[in-house]
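Participant: For reference, the chains in residue letters:
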Amino acid sequence: MTAAWDFLTTAANWSGTDGIWTRFTEHLFYTLLSVVIAALVALPLGAVIGHTGRGVAAIAGVANALRALPTLGLLTVLTLWSFGLLTGQLARLGPSIVVLVVLAVPPILSNTYAGIAAVDPAARDAARGMGMTGSQVLLRVELPVAMPLVLSGVRSAYLQVVATATIAAVVGLGGFGRYVVDGLAQQLYGKMVAGALLVALMAVIGDRLIALVGRFLVSPGLSGRRVREKAQEAEAGFAAVPPT
Amino acid sequence: MISFSAVSKVYPDGTTAVHDLSLEIPAGRITVFVGPSGCGKTTSLRMINRMIEPTSGVITIDGTDTRQIDAPQLRRGIGYVIQNAGLFPHRTVADNIATVPVLQGVTRREARRRATELLERVGLPTSMARRYPAQLSGGQQQRVGVARALAADPPVMLMDEPFSAVDPVVREQLQTEFLRLQEELGKTIVFVTHDIDEAVRLGDRIAVFATGGHLAQYAVPADVLRRPADDFVAGFVGRDRGYRALSFAGATGLPVQREPTVRMGAAAPQGPGGGEHRWALVVDDDGRPRGWLDRDALSPGDPIGLQHLRLGGSLAAPGYSLRTALDAALSSPSGRGVAVDDAGVAIGTITLADVVAAIEATDRTALADPAGDDAGAWSPPVLAKGAERTVPAGDRGVPR
Amino acid sequence: MNWDWLGRNSDRIVDLFVQHAWLAAAATLVGLVVALPLGAVAFRYRWTYPPLTTLAGLLYTIPSLALFVVLPGILGTRILDPVNVVIALTVYTVALLVRVVADALASVPEAVRQSATAMGYRPVRSLVTVQFPLAVPVIGAGLRVAAVSNVSLVSVAALLGVEQLGSLFTEGFQLNFFTPIAAGILLSLLLAVLFDVVIVLATRLSTPWARAVPSR
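Sequence lines, in order, name chains A, B and C.
Position one of the first sequence corresponds to residue 1 (the UniProt record's numbering), numbered consecutively onward.
Position one of the second sequence corresponds to residue 1 (the UniProt record's numbering), numbered consecutively onward.
Position one of the third sequence corresponds to residue 1 (the UniProt record's numbering), numbered consecutively onward.
Read the hints as simulated data drawn from the structure, not as lab findings.
Treat the hints loosely; a few may be bogus.
[As the list claims (entries may be wrong)] To be clear about the criterion: a stretch of chain C counts as covered by chain A if any three or more of its residues have a C-beta under 8 angstroms from a C-beta of chain A, and this derived list gives those stretches:
{"no.": "1", "stretch": "2–9"}
{"no.": "2", "stretch": "56–63"}
{"no.": "3", "stretch": "153–165"}
{"no.": "4", "stretch": "172–178"}
[Stated by the list, open to error] Beta-carbon label-pair distances, calculated as ranges:
{"no.": "5", "chain 1": "C", "residue 1": "L59", "chain 2": "B", "residue 2": "D167", "range": "41 to 47 angstroms"}
{"no.": "6", "chain 1": "B", "residue 1": "R109", "chain 2": "C", "residue 2": "P109", "range": "31 to 37 angstroms"}
{"no.": "7", "chain 1": "C", "residue 1": "P133", "chain 2": "B", "residue 2": "T15", "range": "40 to 46 angstroms"}
{"no.": "8", "chain 1": "A", "residue 1": "A58", "chain 2": "B", "residue 2": "S3", "range": "41 to 47 angstroms"}
{"no.": "9", "chain 1": "A", "residue 1": "V48", "chain 2": "C", "residue 2": "D81", "range": "45 to 51 angstroms"}
{"no.": "10", "chain 1": "C", "residue 1": "L58", "chain 2": "A", "residue 2": "G88", "range": "52 to 58 angstroms"}
{"no.": "11", "chain 1": "B", "residue 1": "D195", "chain 2": "C", "residue 2": "Q114", "range": "31 to 37 angstroms"}
Beta carbons are placed, not taken as given, at the ideal position from N, Cα and C, and that holds for glycine.
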């Protein structure tokens with residue numbers, strides 16, 4: 001622990017290509033890139049599935065299968081495979097981002113779907129009965145009402161990705177995972193612990209930040225206790241998987 | 001006017017929800033679709049604004065085939081109220097009410113201003129405009145639901161069991177205010193319910209639906225009660241229909257006897273007790289009835305307190321029907337029903353014997369034959385419906 | 001697939017599989033045992049529910065690799081010690097199951113709880129003999145999630161050199177050799193399915209009433 005403290009308080013460790021700032025930027029870049037791609041895929045897909053009610057069984061199956069799939073195995077096999085196909089930076093980065101996106105899609109997808117499916121049928125019926133078109137019902141009623149759940153999906157996706165990006169150091173990626181992997185190789189326990197603490201810190205702070213942003217995106221009418229209970233129920237269904 | 005001609009709805013699995021329905025719904029009136037669950041009444045309602053498309057047949061509104069209008073456009077011109085209100089939880093009360101005007105292109109500011117006016121119209125304080133649905137009671141949500149349906153001032157309103165999910169006391173209040181509102185607005189209203197009492201109370205005309213989506217009877221409420229079209233309707237309106245039919249019999253000719261009253265807190269009256277003098281009517285300082293005093297249970301001269309009173313009993317308000325008069329007499333320990341004026345002040349009593357005599361004097365053929373409508377004792381149905389519009393429970397002089 | 005390699009290393013692969021199963025099973029069982037009383041507390045004393053579930057949520061945000069690395073420093077164990085892995089996964093299991101157990105107990109009909117009290121059951125006995133059995137289906141569903149994700153998480157510990165199926169991933173990667181990785185993934189999935197089946201069967205066997213068909 002004191003070794004970790006020493007590592008973190010040594011000024012030299014904060015700058016340079018292996019410095020904390022560089023590693024933080026890398027880690028943040030992988031994370032944001034993956035979560036944004038995942039959201040671009042999962043949000044529209046989840047919205048359509050929730051709105052039409054089609055493909056629900058497929059989602060549940062995919063989510064369960066992904067939960068059982070060992071991330072480390074997926075990372076190594078994809079990276080080895082891409083080394084045979086690609087060269088340079090893309091060969092390293094590509095497979096890792098793919099794995100991170102694959103991990104981030106299910107929580108956003110299933111929470112978007114679950115949030116829309118949980119919309120009070122009476123509200124949906126009233127929206128249609130008052131003359132909203134299908135897309136108006138989705139955009140003006142279903143998605144805003146599903147927003148708390150969508151955000152909790154984004155939060156668990158973020159946590160998954162921050163954690164898994166650490167492991168991606170094994171296949172040569174940058175980020176805080178480098179300290180853990182390199183520290184192990186160099187027998188520097190302080191460096192490993194410092195890396196672990198930085199990742200944990202980044203996970204917790206980012207999670208709180210998303211929650212904070214959520215306050216502005218979620219209508220006060222939905223943050224009442226009754227609604228929150230519903231959200232927790234659905235959350236327990238998928239998001240409750242510890243980050244890898 | 002809304003017109004159904006030979007409309008049927010058959011689902012792909014072969015179930016017939018509505019069978020060959022032909023029906024004319026008059027403009028400016030309340031038409032109630034009533035029947036047991038699965039009789040096609042809600043399906044029929046939802047076919048009017050094309051929430052459900054008919055399998056065959058034509059529905060027209062003021063002569064225009066509804067299929068010629070784009071469905072969302074059609075729905076924006078028709079008010080829609082459903083059982084659990086279906087308010088949008090993420091929008092404030094004002095924004096909920098403003099939904100259709102905003103869809104129609106009215107600015108949000110203008111729509112909100114109008115929404116606030118509508119709140120008053122449905123009996124809610126304007127301070128509620130900024131609240132969210134989760135902060136309202138069931139009855140308040142339902143009022144907002146009605147305001148939302150009225151927001152674009154549609155000529156036609158569809159109401160699907162709007163008052164079924166609230167408790168009986170609130171339901172009665174909502175019904176009363178709904179009738180008051182309709183008197184002002186004169187909308188063409190189609191109202192679905194499974195409750196025959198609600199149908200009789202609210203409807204200008206009632207369509208009774210039977211299982212399998214058949215229209216069993218379409219008539220004014222008094223006719224449905226007095227002359228059911230078949231065994232199904234007779235069974236559905238129930239055993240009490242003779243009693244209910246009294247709702248349509250005016251009691252204007254009934255003699256109102258003078259009744260001595262005692263004030264709350266005054267000394268118990270002297271003089272002979274027992275017999276018809278055993279019970280004394282106690283009123284408050286404004287003359288509104290509070291209850292009956294059992295003089296046998298109190299020595300003369302003792303001050304009258306709430307604990308000495310037999311509370312409850314219904315009151316006959318102005319324009320009352322024989323049903324109200326009968327109930328007032330039956331629910332009073334003295335056998336005398338209390339009649340009150342518009343302000344709720346006791347004006348005298350009606351004896352059970354007089355009520356029974358009035359019922360006996362009523363042209364009995366009127367009970368069996370609607371042609372008897374011209375017999376003097378029966379008021380025309382529309383007026384008689386007013387007879388049932390009693391003061392809301394909370395406003396009655398006598399505590400319940 | 002290089003079948004020769006698999007044949008030559010079958011003994012070691014079986015060892016890794018057993019080690020993997022042991023680590024995941026131990027964490028799941030210990031986690032369940034700890035979570036039952038904690039969940040009961042969170043249910044019975046409602047004021048403890050928010051802090052307990054918030055703490056659980058916070059524990060979830062810690063990446064597993066970070067926990068594997070930091071725990072030896074806190075516990076004073078060696079970094080290679082498998083106990084670190086079991087404890088870290090137990091923490092996650094408890095964090096998941098506390099809320100599940102509390103919610104499962106809340107799902108037991110109030111009427112049942114009240115009639116147990118009315119017949120003279122003391123609180124603990126009512127909990128153990130009436131409420132927990134009725135809460136089994138919901139707890140079982142939560143346990144499935146915990147067990148399956150534990151199986152997946154154990155492999156991460158290979159980065160620290162703790163031997164189990166995850167070791168096949170790191171070795172395969174270093175040797176640029178697909179066979180061990182593929183074998184590791186398949187066996188890991190197999191183990192997850194096995195755990196799932198065992199829990200489903202245990203849940204069904206312990207709740208015969210759930211399958212009872214209403215008779216006329």
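Participant: All hints, please: hold or fail.
Facilitator: Structure-based check of all given hints:
1. 2–9: violated (count 0)
2. 56–63: Holds, because 5 residues of the stretch 56–63 of chain C bring their Cβ atoms closer than 8 angstroms to Cβ atoms of chain A.
3. 153–165: holds (count 8)
4. 172–178: holds (count 4)
5. C:L59 x B:D167: 41 to 47 angstroms: Distance hint for L59 of chain C, D167 of chain B holds at roughly 45 angstroms.
6. B:R109 x C:P109: 31 to 37 angstroms: violated, 50 angstroms
7. C:P133 x B:T15: 40 to 46 angstroms: holds, 41 angstroms
8. A:A58 x B:S3: 41 to 47 angstroms: holds, 46 angstroms
9. A:V48 x C:D81: 45 to 51 angstroms: At 49 angstroms between Cβs, range holds.
10. C:L58 x A:G88: 52 to 58 angstroms: Once the Cβ atoms are compared, 40 angstroms apart, the range 52 to 58 angstroms for G88 of chain A and L58 of chain C is violated.
11. B:D195 x C:Q114: 31 to 37 angstroms: holds, 33 angstroms
The structure fails to meet hints 1, 6 and 10 from the earlier list, while all remaining hints are met.
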